[in-house]
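As they're listed, the protein sequences go chains A and B. The first sequence begins at 271 in the working numbering and counts up by one. The second sequence begins at 271 in the working numbering and counts up by one.
Accuracy of the hints is not assured; some may be wrong.
A pair counts as met if it fits within one copy or between any two copies, since identical chains are not told apart.
[Stated by the list, open to error] Derived pair list, reagent style DSSO-like, types lysine-lysine, alpha-carbon separation capped at 27 Å: (1) Lys482 - Lys309; (2) Lys417 - Lys445; (3) Lys283 - Lys417; (4) Lys309 - Lys283; (5) Lys470 - Lys274; (6) Lys274 - Lys378; (7) Lys470 - Lys482.
Read the hints as simulated data drawn from the structure, not as lab findings.
There are 2 protein chains.
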Amino acid sequence: MSEKSKLVLALPKGRILEEVMPIVRAAGIEPEAAFDDPKSRALRFSTNHPELDIIRVRSFDVATFIAFGAAHIGVAGNDVLLEFDSTEIYAPLDLGIGYCRISVAEPKEASENDDPTRWSHVRIATKYPNITQRYFAERGVQAECIKLNGAMELAPRMGLCQRIVDLVSSGATLKANGLVEMETICEITSRLAVNRTALKTRSDEMTNWIEKFREALDAKAA
Amino acid sequence: MSEKSKLVLALPKGRILEEVMPIVRAAGIEPEAAFDDPKSRALRFSTNHPELDIIRVRSFDVATFIAFGAAHIGVAGNDVLLEFDSTEIYAPLDLGIGYCRISVAEPKEASENDDPTRWSHVRIATKYPNITQRYFAERGVQAECIKLNGAMELAPRMGLCQRIVDLVSSGATLKANGLVEMETICEITSRLAVNRTALKTRSDEMTNWIEKFREALDAKAA
């Protein structure tokens with residue numbers, strides 16, 4: 271089968287991959303050995319299904335590859351899907367992994383005299399400028415976002431801004447940096463995401479894989 | 271000395287830090303022990319100079335912290351400085367480390383019949399949309415950029431686009447992915463970068479540190 275006619279499953283690099291792989295395997299997909307070889311420089315992998323390849327890329331890039339139809343199926347957190355906000359991506363399944371939330375936080379000493387319902391303008395350091403601007407715009411607050419790629423928790427101490435919008439899991443990192451969660455913007459889990467055009471033009475194959483993931487989740491829940 | 275009145279030196283995380291630290295130390299700056307502790311979750315570190323702290327953040331965030339005046343001095347590649355393109359950042363010293371280049375590449379089989387001087391519109395996967403658009407605009411070519419955070423080399427094979435703009439060091443990764451360098455956009459090294467306002471308002475301290483880095487480079491070259 272030629273490389274171009276194969277379906278491509280895009281998986282996210284990093285910590286979340288450990289939670290994703292048991293579901294991928296329960297859906298009957300076994301990548302070639304190089305996938306688990308930490309020394310491999312390969313980016314694309316064959317599987318036990320000749321018609322299905324896997325790519326392993328950063329979580330934001332999973333959304334980009336799917337949105338442009340270069341990958342057909344993938345796994346991404348809904349933080350990434352909400353930030354990316356593409357009409358070309360449809361996310362039919364909640365995989366029930368990667369639980370966390372996107373929250374607004376600010377320094378403990380500031381929060382004690384602060385009432386979020388009275389904010390009129392906020393300056394926020396975040397990896398999620400689109401999510402942040404939409405969230406605040408809905409209640410008439412203009413959010414000026416400073417895009418950071420990491421270490422958001424540093425920003426208030428450094429005088430970059432008073433508030434941050436970030437992924438929060440246990441809350442330990444916020445606490446360690448003297449920050450308090452003010453509001454939760456949304457709950458996050460990882461989703462199975464698919465390219466809408468592929469779902470129409472290669473309906474049988476795509477539906478088959480979505481069904482396989484759904485069965486894997488049902489078996490896990492049972 | 272209060273945290274707010276200290277000067278902050280922003281250093282980039284990752285591989286380049288190993289090349290940066292000998293210069294930082296030659297400039298007489300020794301961070302606290304936690305800086306070299308891989309288990310430390312700290313993001314800000316004191317140094318042997320009570321008036322100088324260090325933060326360690328991603329390379330793009332070094333530029334953001336300096337541009338907003340939350341860090342006063344820092345080290346960043348000119349890829350980051352060119353992409354960020356802030357009038358608030360002044361880069362007085364080339365540190366002579368982190369040598370690489372930003373290049374345009376495309377698949378070997380495409381390149382054999384392709385003449386870059388005849389391009390009128392290009393679609394490009396890159397981490398550097400600003401650099402890419404400016405470079406092509408200068409010769410009247412409109413570049414449609416697809417922003418990826420990594421694994422750019424995958425994009426042509428996946429049908430995302432024909433061409434990429436990426437950092438190239440040895441060229442081995444391009445070759446391994448069947449890509450050929452078509453043009454070099456610019457040569458890259460790491461620079462000492464400073465916040466312009468701090469250079470005016472805290473002129474003595476700032477000039478002193480720039481001078482210390484210059485002496486460290488001169489000693490290395492001698």
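So, going through the hints one by one against the coordinates:
1. Taking the shortest alpha-carbon separations for Lys482 and Lys309, neither the intra-copy value of 30 Å nor the inter-copy value of 40 Å comes in at or below 27 Å.
2. In this assembly of identical chains, Lys417 and Lys445 lie within 27 Å of each other by CA distance solely inside one copy; the values are 22 Å within and 33 Å between copies.
3. Taking identical chains as interchangeable, the C-alpha atoms of Lys283 and Lys417 lie at most 27 Å apart whether they share a chain (21 Å) or sit on different chains (17 Å).
4. With identical chains, the CA atoms of Lys309 and Lys283 are at most 27 Å apart both within one copy (14 Å) and between copies (21 Å).
5. Taking the shortest Cα distances, Lys470 and Lys274 sit within 27 Å of each other inside one copy (18 Å), while across copies they are farther apart (57 Å).
6. In this homomeric assembly, Lys274 and Lys378 come within 27 Å of each other (Cα to Cα) only across copies, at 17 Å, whereas the closest approach inside a single copy is 53 Å.
7. In this assembly of identical chains, Lys470 and Lys482 lie within 27 Å of each other by CA distance solely inside one copy; the values are 18 Å within and 63 Å between copies.
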